[in-house]
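**Q** Those protein sequences? They're chains L and C, same order as listed. Using the working numbering, read the first sequence as starting at 1 and increasing by one per residue. Using the working numbering, read the second sequence as starting at 1 and increasing by one per residue.
Just so you know, these hints were derived from the structure itself, not from any lab. The structure presented is a predicted model; accordingly, all values stated were derived computationally and were not measured. Don't be surprised by glycine CBs; every beta carbon is placed ideally from N, CA and C. Any given hint might turn out to be false.
Simulated restraints, written as ranges between beta carbons of each label pair [unchecked claim]:
no. : chain 1 : residue 1 : chain 2 : residue 2 : range
1   : L       : Gly59     : C       : Gly123    : 39 to 47 Å
2   : C       : Met158    : L       : Ile91     : 37 to 45 Å
3   : L       : Phe10     : C       : Ala213    : 31 to 39 Å
4   : L       : Tyr133    : C       : Trp76     : 27 to 35 Å
5   : L       : Leu311    : C       : Ile186    : 30 to 38 Å
6   : C       : Glu58     : L       : Pro118    : 45 to 53 Å
7   : C       : Pro187    : L       : Arg66     : 50 to 58 Å
8   : C       : Arg205    : L       : Pro63     : 43 to 51 Å
Some chain L residues flagged as far from chain C (calculated, every beta-carbon gap over 10 Å) [as the list claims (entries may be wrong)]:
no. : residue
9   : Ala48
10  : Trp65
11  : Tyr133
12  : Ile155
13  : Phe166
14  : Gly167
15  : Pro173
16  : Arg223
17  : Gly253
Among the chain C residues that face chain L by a calculated CB cut under 10 Å, a handful are [stated by the list, open to error]:
no. : residue
18  : Val136
19  : Leu147
20  : Ala266
21  : Ile267
22  : Val277
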Amino acid sequence: MYQYILKRLFLMIPTLFGAAILVFFLLRMIPGDICFLRLASGGGNIDAQVLANCHVELGLDRPMWRQFLDFVVGFFTLDFGTSMWTGRPVIEEVGLRFQLSLQVAIMATLTAILIAIPLGTISAVKQNTWIDYVVRGFSIAGIAMPSFWLGILIILGILITSKAWFGASWMPPIKYVPIWEDPVQNLSMLIWPALATGYRYSAVATRMTRSALLEVLREDYVRTARAKGLLETLIVRRHALKNAMLPVVTVIGIEFAFLMGGLVVTEQVFNLNGLGKLFVSSVTNHDYTMTQALVMLVVTIFAFTNFIVDLFYAWLDPRIRYNR
Amino acid sequence: MAIVTDTVITDTDETPRRSRLTQLGQFARRNPLGAAGGIIVLVMMVMAAFADWITLYEPTANDFSVMHEPPNAAHWLGTDQFGRDVYTRIVYGARTALLVGFASAFIGATVGLVLGVGSAYFGGKIDLIFQRVMDVFMAFPLIIMALAVVSIFGTGVMNVIIAITIPFIPRAARVVRSSALAIREIPYIDAARTCGFSHARIILRHMVPNVMAPFLIIVTAAVGQAILIEASLSYLGLGVQEPTPAWGLMLRGGAEEYAESAPWMAIFPGLAISLAVFGFNLFGDALRDALDPKLRSQ
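With the sequences and hints as input, model every part of the structure.
**A** In structure tokens, the structure reads:
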């Protein structure tokens with residue numbers, strides 16, 4: 001087991017290294033120059049000397065390999081440098097927003113689990129009845145609906161109902177406060193994006209729960225449990241559901257990593273100052289250091305989630321042993 | 001029990017005589033949801049093909065005398081902030097969505113098909129290295145990869161297609177590879193090798209046709225996804241550009257700003273996106289059930 005964990009951790013390095021190469025060169029292929037953007041924002045002509053000074057200041061005049069080396073060494077020593085756009089340390093800029101995005105991600109995951117497992121179970125137990133069709137329709141609709149549109153609809157719904165009930169339009173607060181400072185304001189701001197992303201997220205998990213449970217319900221040991229006259233609810237809850245959780249956990253894990261990507265659009269709709277918004281603005285500003293750090297963050301989270309999901313497998317299903 | 005045996009017998013008896021149409025009817029009866037999806041897809045294609053005949057306005061024509069009109073007899077789904085007819089723009093938007101959807105799904109899956117089968121066929125070190133490269137690409141969330149590609153190539157329909165195609169390739173390659181691995185072990189591949197056929201011939205003539213089922217499944221699943229990503233990119237202002245009619249673009253700017261006073265601008269384009277993706281997903285699911293013998297019931 002320990003050998004397996006070590007091997008997996010070791011295998012993560014080439015993936016991270018490949019991602020570093022990919023993001024580094026992709027970014028440098030993007031036409032445009034951060035110094036040009038930074039200086040042009042004041043208007044007027046830009047002196048060639050000023051532009052060159054700016055390049056020296058940001059270290060962009062150095063040879064490519066040197067910049068790459070700095071980036072990779074920085075990544076493995078957890079030194080991400082300063083944002084080329086704001087001049088503040090990347091860690092600080094990311095830290096400011098990480099809290100918000102992480103909270104939305106966790107709340108969305110909880111929403112998804114709370115929707116997916118009961119609905120998926122009902123759908124599987126009542127296979128091919130109208131309940132099953134409704135649940136399947138509901139979950140496929142979740143995959144089909146763009147989360148930004150759902151976000152717009154939620155905002156619209158809030159506006160209309162608040163006007164109808166209280167006479168004045170109410171909008172979620174715009175300023176982020178940590179949940180331990182003011183839970184009411186925090187939740188009344190973040191619950192909406194969590195619902196919008198959580199519904200979509202739940203759709204994938206619901207379908208997975210349903211199909212996994214259907215498969216397990218055909219197993220011999222379920223037939224044995226039925227044959228000995230066990231209550232159907234007990235069979236489903238105690239015997240089938242736990243064993244059906246394997247693929248569901250995978251899906252939830254993988255989707256969690258991808259939530260970071262999904263948040264790019266949702267944060268735009270709800271005007272949240274989170275990682276997704278930071279990502280879009282740093283790409284458009286050609287802020288190399290910031291974009292690199294964000295991409296590496298997402299890739300690392302992704303790699304780790306996959307790893308943890310694999311370990312979780314062994315725990316859920318004792319037949320799986322990793323001792324190769 | 002007797003009933004079950006009966007149907008099985010009649011089923012096998014009739015198999016050779018079944019016509020295409022009854023086959024289609026049976027598919028619809030077995031997969032009511034899949035048939036519904038197929039109909040949605042079909043309607044969308046008709047909309048895109050006959051857009052000129054089924055609309056009364058130009059999709060890009062501004063008419064400032066009818067800005068923010070609610071749905072009425074002249075403008076079925078209302079007008080936007082430039083007085084453009086929302087219904088017309090949705091119908092023409094189907095063209096953009098289908099073009100981007102099919103082009104990126106098909107190109108991405110085809111490139112992935114060749115790479116995946118090749119990787120499985122050669123195996124060994126090549127396969128290992130190829131898999132690691134794919135891992136790197138897969139580690140990027142679809143939309144982030146697409147965003148990066150768009151910022152390199154710029155916006156517009158063609159570049160959006162490229163941006164969506166690239167992240168699809170490794171996903172398709174991975175699925176195809178796993179089916180191709182099983183096929184490589186079947187003796188007829190060894191036989192083909194013994195006959196001295198070239199690698200290209202074995203891959204293209206003997207292996208590719210046998211992974212067509214997963215390929216088709218990937219394509220239909222990817223079309224819906226591509227439509228969704230295109231809408232997201234356009235919504236962020238990084239996809240299709242004004243004045244091209246595109247659903248995601250219709251939700252950008254005006255729709256949000258005027259959501260309260262002109263909700264039709266926000267509701268209908270989103271409904272179009274959802275319905276289209278819904279249709280492709282339902283159809284893709286039914287196709288998978290029909291083509292994948294492992295998942296087929298009975």
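**Q** Against chain C, does L/Gly253 hold up as non-interface, every C-beta pair farther apart than 10 Å?
**A** 14 Å, holds
**Q** Under the criterion of a CB-CB separation shorter than 10 Å, is C/Val277 in contact with chain L as hinted?
**A** 4 Å, holds
**Q** Would the hint on C/Leu147 stand, with a C-beta cut-off of 10 Å toward chain L?
**A** 6 Å, holds
**Q** Just checking, L/Arg223 versus chain C, shortest CB gap more than 10 Å?
**A** 16 Å, holds
**Q** If you take the shortest Cβ to Cβ gap from C/Ala266 to chain L, is it below 10 Å?
**A** At about 5 Å, which falls below the 10 Å cut-off, the nearest Cβ of chain L leaves the hint on C/Ala266 intact, so it holds.
**Q** Do C/Met158 and L/Ile91 keep their Cβ atoms within the hinted range of 37 to 45 Å?
**A** 39 Å, holds
**Q** Using the nearest Cβ pair, does C/Val136 come within less than 10 Å of chain L?
**A** 3 Å, holds
**Q** Once the closest CB in chain C is found, is it more than 10 Å from L/Ala48?
**A** 26 Å, holds
**Q** Does the beta carbon distance between C/Arg205 and L/Pro63 stay inside 43 to 51 Å, or does it fall outside?
**A** Holds, since C/Arg205 and L/Pro63 (Cβ atoms, about 48 Å apart) stay within the stated range.
**Q** Once the closest CB in chain C is found, is it more than 10 Å from L/Pro173?
**A** The claim holds: L/Pro173 sits with its nearest Cβ about 18 Å from chain C, beyond 10 Å.
**Q** Test the statement that L/Tyr133 is away from the interface with chain C: the closest C-beta pair must be farther apart than 10 Å.
**A** Nearest chain C Cβ is 7 Å from L/Tyr133, so the label is violated.
**Q** Just checking, L/Phe166 versus chain C, shortest CB gap more than 10 Å?
**A** 15 Å, holds
Violated hints, listed in ascending order, are 11 and 12; each of the other numbered hints is respected by the structure.
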